[in-house]
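Protein chains in written order, with the numbering used here: chain A, 429 to 587; chain B, 429 to 587; chain C, 429 to 587.
Among the clues, some could well be false.
Heads up, the list lumps identical chains together, so a pair's fine if it works in one copy or across two of them.
[Said to hold, decoys possible] Mimicking EDC-like on lysine to aspartate or glutamate, the simulated pairs with C-alpha atoms at most 20 Å apart in a straight line are:
no.	residue 1	residue 2
1	Lys478	Glu536
2	Lys495	Asp521
3	Lys544	Asp461
4	Lys520	Asp553
5	Lys544	Glu463
6	Lys544	Glu579
7	Lys478	Glu565
8	Lys433	Glu579
9	Lys525	Asp553
10	Lys433	Asp577
11	Lys516	Glu530
12	Lys524	Asp553
13	Lys503	Glu564
14	Lys486	Asp521
15	Lys516	Asp479
16	Lys525	Asp580
17	Lys491	Asp521
18	Lys516	Asp553
19	Lys520	Glu536
In short, the hints are calculated from the structure, not lab data.
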Amino acid sequence: MSEQKKTTIVLFSGDYDKAMAAYIIANGAAAYDHEVTIFHTFWGLNALRKDQQVDVNKGFLEKMFGKMMPRGADKMGLSKMNYGGMGKKMIKDVIKKHNVTELPQLIELAQEQEVKLVACTMTMDLLGLQKEELLEEIDYAGVAAYLGDAEDGNVNLFI
Amino acid sequence: MSEQKKTTIVLFSGDYDKAMAAYIIANGAAAYDHEVTIFHTFWGLNALRKDQQVDVNKGFLEKMFGKMMPRGADKMGLSKMNYGGMGKKMIKDVIKKHNVTELPQLIELAQEQEVKLVACTMTMDLLGLQKEELLEEIDYAGVAAYLGDAEDGNVNLFI
Amino acid sequence: MSEQKKTTIVLFSGDYDKAMAAYIIANGAAAYDHEVTIFHTFWGLNALRKDQQVDVNKGFLEKMFGKMMPRGADKMGLSKMNYGGMGKKMIKDVIKKHNVTELPQLIELAQEQEVKLVACTMTMDLLGLQKEELLEEIDYAGVAAYLGDAEDGNVNLFI
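Chain A with its partners taken away, still in its complex shape:
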């Protein structure tokens, strides 16, 4: 087939290790010349948050979610053995020791490779996240756009 292959990932999880897996697969697929989309929904949106606080007007519940959720990829915890951040620190230590790329750099690499990073507008609204709080040069879309990409996808994953 001469057509470009397609990979789509729904990143639902807000865990550092699961987001690493998502971005490693996405970057691998982009290197193999796939057209790649990561659709960030629910807790996965936290991977796209800027690490500094951004002043925006919010309701009370939305402010609470904003405070309770990690501000950016680097602050996300592990899905297993997080132990209040201790396991996360251990993982970051072995990542450095073995010269593996850390999550924030995996996200930068994805942007350089033109992986399409999409924030799910419905769950942004639900969790009270605003565009000003998220990384630059990402896309905004809903489930219809995701399905449009995925129905022609060769590799479709939910992480």
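Knowing the structure of chain A, use the given hints to seat chains B and C on it.
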């Protein structure tokens, strides 16, 4: 292609937020005229439980599982920040505030749109769930039937 | 189509129940004559660990991970209701009662059916797992090999 597209979802998770994501994708795909199947297995079966208690004969272990697991979609907890139900209450509050559809209504909508809701008979047996305890008008099948659907699927997800 | 169908599963999770689901789907697909690959990454590698301790040279962090992670499929916990192993014991009891196959035997069956069991070399390195500690007759590969399998897959799942 003139053939109808197909989406299949294995709903393994018993978390409210993950089940919401599954049903939002399923309803979206059905609206785009996909043939859609959600195969409920392990904790995902809880989304199909009736919310009232149903009197059925069970062994001791099966009774224990019945008591420990949430009785129906509305009682399921969050995968993250559940905080003994507090986070769940917050999510339900923002769902109402932003006019997003709650999980039990998403399930009704799926049934109206003829999404095929399947309960995995092997894990029903394992967890001691009986047909009388589950919603009406659902299907019962095993992994072979799932694979029969999925091998022709355009979008196959495990949630 | 006369070509052999293909199923690929990324097993990221180190939970007993999720690994059971992965191996049940894999064995089902193999029985339907699919070419099946399970790519074990991150905590999913624990399903491939030998149950006895193997003496290998390791750094401090790698030793810690080795001790903290379950030694083999049989020692993995549940994703839900584990209750310090109590829920796990209950699941094992109902598995026996209902004559369902336990995880270690599901893995043996997969090997007999020539399901390709792959250990992700990048995360082996990260978590300090060495070949001597893993089951015999498995493959070792990275994300590129996974993508090579998955891009032609009929059923691709991330578990």
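Exercise for review: First find the shortest C-alpha distance between Lys495 and Asp521 inside one copy, then the shortest across copies, and answer within, between, both or neither for a cut-off of 20 Å.
Suggested key: between (26 Å within a copy, 17 Å between copies)
**Study point:** Identical-chain pair category, Lys544 with Glu463, by Cα at 20 Å
**Key:** within (8 Å within a copy, 27 Å between copies)
Practice item. With 20 Å as the alpha-carbon cut-off, assign the pair Lys520 and Glu536 to within, between, both or neither. Key: within (17 Å within a copy, 34 Å between copies)
**Study point:** 20 Å Cα threshold - placement of Glu564 relative to Lys503
**Key:** within (18 Å within a copy, 38 Å between copies)
Check your understanding: Within a copy, between copies, both or neither: where do Lys525 and Asp580 come within 20 Å Cα-Cα?
Key -> For Lys525 and Asp580, the Cα distance exceeds 20 Å both inside one copy (39 Å) and across copies (35 Å).
Check your understanding: Is it within, between, both, or neither for Lys516 and Glu530, if the alpha carbons may be no more than 20 Å apart?
Key -> For Lys516 and Glu530, the Cα distance is within 20 Å only inside one copy (12 Å; across copies 31 Å).
Check your understanding: Which holds for Lys520 with Asp553 at a C-alpha limit of 20 Å: within a copy, between copies, both or neither?
Key -> Intra 32 Å, inter 13 Å, cutoff 20 Å: inter-copy only.
Review point. Quick one: Lys524 to Asp553, C-alpha cut-off 20 Å, is that within a copy, between copies, both, or neither?
Key: between (36 Å within a copy, 12 Å between copies)
Practice item. Since the copies are identical, ignore which copy is meant and state whether Lys544 and Glu579 lie within 20 Å (CA to CA) inside a copy, between copies, both or neither. Key: The answer is both: 16 Å in one copy and 18 Å across copies each meet 20 Å.
**Study point:** Copy assignment of Lys516 with Asp479, given that the CA separation must stay at most 20 Å
**Key:** Classified as within; 17 Å inside a copy, 26 Å across copies.
**Study point:** 20 Å Cα threshold - placement of Asp521 relative to Lys491
**Key:** Answer is between: at 13 Å across copies they meet the 20 Å cutoff, but 32 Å inside does not.
Practice item. Have a look at Lys516 and Asp553 and pick one of within, between, both or neither, based on CA distance no larger than 20 Å. Key: between (29 Å within a copy, 16 Å between copies)
Hint 16 from the earlier list is the only one contradicted by this structure; the remaining hints agree with it.
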